[in-house]
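Student: Sequence:
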Amino acid sequence: MHTAKSVAIILAAGQGKRMRSARPKVLHELLERSMIAWVVDATRSSGVDEIIVVVGHGRDEVEAELRRLYGEHVRTAVQQKQLGTGDAVRAALPLIGDETDRALIINGDCPLIEAEALRSLLEIRAELALLTSTIDNPHGYGRILRDASGRVVGIREEKDCSESERAISEVNPGVYLASIPFLRRAIAALSNENAQGEYYLTDIVGMAEGGAASLSHPIDRLLGVNDPLELSRAETVLLRERRERLMREGVKMRLPETVFVSAECEVEGGAELGANVELRGRTIVRSGAKIDSGSILLDVEVLADAYIKPYTVAEKSVIGERAEIGPFSHLRPETEIGEGGKIGNFCETKKTLLGKGSKVNHLSYVGDGEIGEGVNIGAGTIFCNYDGARKQTTVIGDGAFIGSDSQLVAPVRVGKGAYVASGTTVTRDVPDDALAIARAKQENREGFAARLRRRNDSAKNSP
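Per this note's numbering, residue 42 is the first one in the sequence shown, and the count goes up by one each step.
Hints in this document: simulated from the structure, not taken from any laboratory.
There is no bait here: all hints are sound.
Below, in silico cross-link-like pairs of lysine-lysine (DSS-like), each with a Cα-Cα straight-line distance of 30 Å or less:
hint: 1; residue 1: Lys357; residue 2: Lys457
hint: 2; residue 1: Lys400; residue 2: Lys457
hint: 3; residue 1: Lys392; residue 2: Lys432
hint: 4; residue 1: Lys357; residue 2: Lys331
hint: 5; residue 1: Lys391; residue 2: Lys432
hint: 6; residue 1: Lys457; residue 2: Lys432
hint: 7; residue 1: Lys58; residue 2: Lys122
hint: 8; residue 1: Lys391; residue 2: Lys457
hint: 9; residue 1: Lys331; residue 2: Lys391
hint: 10; residue 1: Lys397; residue 2: Lys432
hint: 11; residue 1: Lys293; residue 2: Lys397
hint: 12; residue 1: Lys331; residue 2: Lys400
hint: 13; residue 1: Lys397; residue 2: Lys331
hint: 14; residue 1: Lys331; residue 2: Lys293
hint: 15; residue 1: Lys357; residue 2: Lys432
hint: 16; residue 1: Lys392; residue 2: Lys457
hint: 17; residue 1: Lys391; residue 2: Lys357
hint: 18; residue 1: Lys293; residue 2: Lys357
hint: 19; residue 1: Lys200; residue 2: Lys122
hint: 20; residue 1: Lys357; residue 2: Lys392
hint: 21; residue 1: Lys400; residue 2: Lys357
hint: 22; residue 1: Lys200; residue 2: Lys58
hint: 23; residue 1: Lys357; residue 2: Lys397
hint: 24; residue 1: Lys457; residue 2: Lys397
hint: 25; residue 1: Lys392; residue 2: Lys331
hint: 26; residue 1: Lys457; residue 2: Lys482
hint: 27; residue 1: Lys400; residue 2: Lys293
hint: 28; residue 1: Lys400; residue 2: Lys432
On a predicted model such as this, the values are computed, not experimentally measured, just so you know.
Build out the structure end to end from the sequences listed, making use of the hints.
Tutor: This is the structure we're talking about:
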């Protein structure tokens, strides 16, 4: 004896010509997550035992995405030629074992589909069942055909509809549940004698003895994405729901309709997001942190009570507790700001560790640096980290002071408590508690400016 299993067949072999893109349609992203991932995630949450994705156009790319996200938990079948949805299901059938008794069939371009709708369909015990929707404008959808008793006896694709059938407002969103024995028989019996010369999966409805069972569901969660406009509309729905869920969990947002939060981001209750903030990639924002207007964070972890001031751009960085960043700062990858650290306006960092309480407040570039605790980096300081072949490291000890307009030519080390005088170019290590000064001696030439002005005025007045 064996326990009956269910399988989901996700159809993702189409080219998606209306997207006008070389990228396979199901790899276009919503909230930085691929369309196929949204569908697979909903399907996994519905409770099916296994998932088969039918691939075709852009097969290698789609399979790579599925492996990256799901490893061996999702299998693929290949539709060699795009000969219709029925042919796509045919490609998956050899992968379905005898222990599986039901197949859920879903289009891979329906990123708004919810697990709840799929679970409801899975509860139906029938040879064939499908979701239907009634809409005001059914253009582009296959129409549901019912007999006098109300049973679903067929689906007519719009291109094959008669005038009376075009007037039908109940449509087929393309979600089915079929018993495996019935599905095998029906797929084998399909014909391609239609306007498109394709094998329509919809034709199996007319083969179900006594008609197909149906479950009505709102169309807004079942809409397919066929072009960039529809992609944008679907993403807008997901983003609105994401923002609302975060705010219900205690996240404050100013002008929430302007805030972007990717699918992989984590924002804890008690955090604040200003207008036009973008949280991208796997950014994490801890409770008490504030991200102010116009800031863009990619794969950044912002710890508790940190303050990101307006128009900061940061990527692949860690911002410590109570740190302050910006405004107009750029934190490049591998930047780590310690507790209470400060990066001020028009500063850029890259691959740098800034210790607890240290400050880089104005107009500085700090790259490939290891900066201790309690360090002050003056305005206009530059870490000269590139020797023309390799990046070199600058190390600054605890409590050091770097005067304004200094250049530190790596590799170089400034000791603990050391001072670097303003305008100094540091090319050698500075010992602990030492003063480094390397600049030309100032010379004042009395009366020089007046003589220069007279000479210039004379030149202007000469013919």
